[in-house]
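Given the structure of chain A, go ahead and fit chain B onto it with the hints provided.
The listed protein sequences derive, respectively, from chains A and B. Residues in the first sequence are numbered consecutively from 1, following my numbering. Residues in the second sequence are numbered consecutively from 1, following my numbering.
Below, in silico cross-link-like pairs of lysine-lysine (DSS-like), each with a Cα-Cα straight-line distance of 25 Å or less:
id	chain 1	residue 1	chain 2	residue 2
1	A	K96	A	K124
2	A	K247	A	K71
3	B	K104	A	K268
4	B	K104	A	K251
5	B	K75	B	K154
6	A	K96	A	K70
7	B	K151	B	K75
8	B	K135	B	K198
9	B	K38	A	K268
Just so you know, these hints were derived from the structure itself, not from any lab. What you are looking at is a predicted structure, and each value in this text was computed from that prediction instead of being measured.
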Amino acid sequence: MTTLRIPQTGTERLKRGFARMQQGGVIMDVTNAEQATIAETAGAVAVMALERVPADIRAQGGVARMADPKKVREILDAVSIPVMAKARIGHTAEAKILEHLGVDMIDESEVLTPADPFFHIDKKPFHVPFVCGARNLGEALRRIDEGAAMIRTKGEAGTGNVVEAVRHLRAITGDIASLRQMGDEELRQYVAKERVSIELVREVRDLGRLPVVNFAAGGIATPADAALVRMLGADGVFVGSGIFKAKNPRKVAHAVVEASLHYTDSAKLAEVSTGLGEPMRGIEITALPQGELLQQRESRREAGAESH
Amino acid sequence: MPRTALAGVLALQGDVPEHKAVLVELLGQERVVAVRSKEDLANVAALIIPGGESTTFSRLLDATGLRSEVLHRVKDGMGILATCAGLILVATQVERSRSGNDPKPLGLLDVSVRRNDYGRQVDSFEAPLEFEGLKGEPLMASFIRAPRILKVGKQVHVLALYEDSPVAVRQENVWGLTFHPEISGDTRVHRLFLQACKMF
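In isolation and in its complexed conformation, chain A is listed as follows (with noise of 0.2 Å):
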């Protein structure tokens, strides 16, 4: 038996395969060390360092950026599972402090204020994977081209009101549906208007679905939320807000992974949805202003593109 070297690092094979490994399972938000603690022993695949939550972010205003070194270090020393981070859409220079860091994922999120009025975050020359938010297949298509390894819808994070997770779901299916039925001439126009390389939309069809993973994220406070988003078909979920903003977290988090591996299972879905205690309050998207809208935050080349 012999042995041999060249190993190759940061391809796109590893970044998607990075992501493919927390199928099923939930990402939880966390914003210092006890928290990612009690995510890991709630059997979090994976925690997201930031912060501040999306509900305080909403809250108190103001520019929100990665978070401090400090707290992301701390962090990593404090679990063993995967630990990802969030950087601002645009910002290279963060997203390269986050990747020396060590982070595993760094997600590019509207979450935090946009840096870069124009442009996402070229992720392809990065060694670390990227995950971007998307609300429906054209977007989701310009981030991948970009090299997000993963995807997830936006939401409205921070409302724990699930409804923005399931309209950008709903449309990444009907979009991709409607893709398959498309003929050669109608998915030239398709490339065009969505500026979107035709290789991956060509591979979209075929497939029949993102070649990467798309797991749900923005507004799941309940174990029955992220049952809802299995059910449509997400590969996954993202709870910010609806763990460390209820009454009761570590019982929170543990029904919210039980409820997210076992979502066709009535019986258990009922049990681990039973005296959770209060949840996190929730907004009502439609009394929201439209400039408070977070899934809104964008380069211009998204606005672009959703004004055909």
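Relative to the frame of chain A, chain B by itself:
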């Protein structure tokens, strides 16, 4: 082995669809099953434990009652192919991690392992391997936050090495890999395992 024997993928968490796709390609849809409960194991002669989070797997094995059933079926001759987190789960010994949140392994494969020993995700790598029993080109292996096999018992046969560490091992009907053959597009390891389980 009768043709009704099934191949299963432990479908609690992790990259289940990727393993299932390889099995379906090799055996056809009707002989592949996702294993979520004891009942699902009934006709399974070859079980894959995928990549994912070993701590999550460990908790769910207990919650579903699958732990004792898997142990029982392996004694009866069911084959297991365990990849990455799966390998940690079948090992006899898992080194304690800093956080102390460690899986309780099944103890089916006499190896001692350390989780994430090649580093974090930025250190994940692909490398070509010589794999015993595979002809042709070297196997391109993807190591993703991979565990390292620190020690192997006398009953354990090493199938592949990377930089002097065993990365694929076998103890009778239980196979353990520190890497992910299911995401490489190369189905040879799965085929070899299924042949050993007399699935063809």
